[in-house]
Amino acid sequence: MRPLTDEETKAVFEKLANFIGKNLVHLIDRDEDDAYCFRLHKDRVYYLPLSMLHLATSIARPNLVSVGTCFGKFSKSGKFKLGVTSLDWLAKYAKYKVWIKPAGELPFLYGNHVVKAHLGRITEDTPEHQGVVVYNMADVPLGFGVTARSTLDTRKLDPMGIIVFHQADVGEFLRDEDTMF
Amino acid sequence: MDVSQELADYAAKHTTQVLERSQPVQVDMGLLAAFDNTPIDPSEYSSDLDAHLLQLTLTSTQALISALFALPTTPSAEHGPVIRPPVPSTILPREKPLPKPKEPTKWERFAQAKGISHKKRDKKEWDEERQEWVARWGRDGKNKQKEEEWATPVKAGMEADQDPAATARAERKARTAKNEKQHRSNLAQAAASSSASSRRTAQQARAADLERSMLVSKSATASMGKFDKSIEGEPKSRGVKRKFDENVPKAGWKGEKEGLLGVLKSVESGLGRKEKRKGETKEGEVVVRKAVRYHDREERLKAGRGGAGGGRGRGGARGRGRK
Numbered sequence: 356m357r358p359l360t361d362e363e364t365k366a367v368f369e370k371l372a373n374f375i376g377k378n379l380v381h382l383i384d385r386d387e388d389d390a391y392c393f394r395l396h397k398d399r400v401y402y403l404p405l406s407m408l409h410l411a412t413s414i415a416r417p418n419l420v421s422v423g424t425c426f427g428k429f430s431k432s433g434k435f436k437l438g439v440t441s442l443d444w445l446a447k448y449a450k451y452k453v454w455i456k457p458a459g460e461l462p463f464l465y466g467n468h469v470v471k472a473h474l475g476r477i478t479e480d481t482p483e484h485q486g487v488v489v490y491n492m493a494d495v496p497l498g499f500g501v502t503a504r505s506t507l508d509t510r511k512l513d514p515m516g517i518i519v520f521h522q523a524d525v526g527e528f529l530r531d532e533d534t535m536f
Numbered sequence: 005m006d007v008s009q010e011l012a013d014y015a016a017k018h019t020t021q022v023l024e025r026s027q028p029v030q031v032d033m034g035l036l037a038a039f040d041n042t043p044i045d046p047s048e049y050s051s052d053l054d055a056h057l058l059q060l061t062l063t064s065t066q067a068l069i070s071a072l073f074a075l076p077t078t079p080s081a082e083h084g085p086v087i088r089p090p091v092p093s094t095i096l097p098r099e100k101p102l103p104k105p106k107e108p109t110k111w112e113r114f115a116q117a118k119g120i121s122h123k124k125r126d127k128k129e130w131d132e133e134r135q136e137w138v139a140r141w142g143r144d145g146k147n148k149q150k151e152e153e154w155a156t157p158v159k160a161g162m163e164a165d166q167d168p169a170a171t172a173r174a175e176r177k178a179r180t181a182k183n184e185k186q187h188r189s190n191l192a193q194a195a196a197s198s199s200a201s202s203r204r205t206a207q208q209a210r211a212a213d214l215e216r217s218m219l220v221s222k223s224a225t226a227s228m229g230k231f232d233k234s235i236e237g238e239p240k241s242r243g244v245k246r247k248f249d250e251n252v253p254k255a256g257w258k259g260e261k262e263g264l265l266g267v268l269k270s271v272e273s274g275l276g277r278k279e280k281r282k283g284e285t286k287e288g289e290v291v292v293r294k295a296v297r298y299h300d301r302e303e304r305l306k307a308g309r310g311g312a313g314g315g316r317g318r319g320g321a322r323g324r325g326r327k
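If you read the protein sequences in the order shown, they are chains A and B. Start counting the first sequence at 356; every next residue gets the next number (the working numbering). Start counting the second sequence at 5; every next residue gets the next number (the working numbering).
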């Protein structure tokens with residue numbers, strides 16, 4: 356486990372900023388007694404309280420499976436990929452949101468894109484290719500993705516047109532259970 | 005009127021609570037120290053720590069002070085009663101480690117290998133002529149006897165103008181110089197062997213230098229030394245190890261946070277540009293930046309077709325060439 360280098364931090368922040376924008380500062384600039392930090396362990400980026408960091412330092416590297424919240428992992432080529440485990444933090448600070456109808460929940464949780472027919476609500480002025488967090492109508496976060504069209508363009512779209520490209524959903528907890536950690 | 009109750013209350017209020025100890029507090033007046041060897045009562049310790057510690061301290065202090073007043077005093081006009089503390093009974097451990105044994109000299113090593121037992125020579129020597137003990141060396145030393153002789157018998161083969169006193173003195177000085185040299189080399193040997201692990205000798209430094217230059221020259225071929233024949237026992241090149249920040253920063257979380265906020269600032273500035281670009285592509289609006297660029301291009305094309313010069317690329321260049 357080690358702190359991120361500047362380039363790695365930049366890669367992580369750019370991905371996070373796509374979803375939570377300027378709220379990113381709330382992840383870093385926190386109260387003294389509630390401070391969190393980013394740490395890299397086995398190519399995965401973890402977000403954990405400082406107190407947990409102090410406890411985790413006593414665990415040898417091969418024995419440490421996971422610590423804090425896994426935000427995602429770095430590919431071998433140095434690109435950062437957000438994981439579904441970061442959903443709780445993304446949902447808390449999300450800037451743009453998409454709500455899907457009960458009929459669309461299951462298809463999304465099986466890893467499909469969100470089509471216009473399943474769209475319940477969407478934040479106004481959402482631009483194209485913007486990271487959005489997907490909720491069901493009861494405001495439970497289901498996953499996240501990237502918008503295919505801006506809010507304005509969705510009006511003209513046919514019902515089977517894709518609105519949100521799927522990136523991660525909570526169904527992965529079951530589907531990718533073996534490879535997730 | 006009976007005030008005994010009040011007096012007792014007052015006394016109870018103003019006396020210090022002294023704990024009962026199963027083993028008496030040991031006092032060493034030489035060091036003005038008191039040692040309480042009784043084991044700590046866990047229930048008392050955990051129930052009210054501060055009060056218990058205070059009581060323990062009081063007990064020991066009480067014992068120390070009562071022992072202090074029990075010492076015999078001698079009156080002094082300047083300072084009042086004065087005590088002479090006894091010799092400390094507590095043996096303290098040595099502050100510094102034991103000195104290391106002295107490194108044997110070259111002669112000592114040789115003598116040990118050969119089994120020669122050391123005979124300490126006396127500083128003084130018996131002088132038969134003077135019938136007294138004289139110094140072996142130094143002031144009026146016997147080693148200067150030859151150079152102080154008033155007459156020296158000339159041996160066969162000696163030069164006629166040779167000064168026997170000067171020759172003897174030169175020989176003595178040479179012996180001293182030789183001994184001095186041996187002493188210095190012994191000291192150097194001892195210093196090198198005592199700090200061999202911590203400091204590299206000049207020879208090791210030279211070896212490391214050679215190894216480095218060999219590695220550099222080996223990798224200075226077109227294939228970075230990949231297809232070169234390797235020599236047996238050739239040193240392996242070790243690359244520079246990556247260095248990361250400490251996992252738990254010693255300077256505290258503040259420094260790391262500042263770094264993160266700095267990165268965040270740079271990310272956000274990039275983000276702002278991106279959002280602005282995105283904002284330009286709103287429906288039904290004229291994108292000023294693109295419109296200006298389009299207009300400029302149109303102008304340029306028109307000018308180029310008119311043949312007034314200022315066209316781009318080869319046309320313009322040819323025009324200049326004709327002039």
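It should be emphasised that the hints constitute simulated quantities derived from the structure, not laboratory data. Treat the hints loosely; a few may be bogus.
Said to hold, decoys possible - Taking beta-carbon pairs under 7 Å as the criterion, some of the chain A residues facing chain B (in silico):
(1) Lys-365
(2) Phe-368
(3) Ile-383
(4) Ala-390
Note that beta-carbon positions come from the ideal geometry of N, C-alpha and C, so glycine has one too.
Checked hints:
| no. | hint | result |
| --- | --- | --- |
| 1 | Lys-365 | holds, 6 Å |
| 2 | Phe-368 | holds, 4 Å |
| 3 | Ile-383 | holds, 5 Å |
| 4 | Ala-390 | holds, 5 Å |
Of the numbered hints stated above, none is contradicted by the structure.
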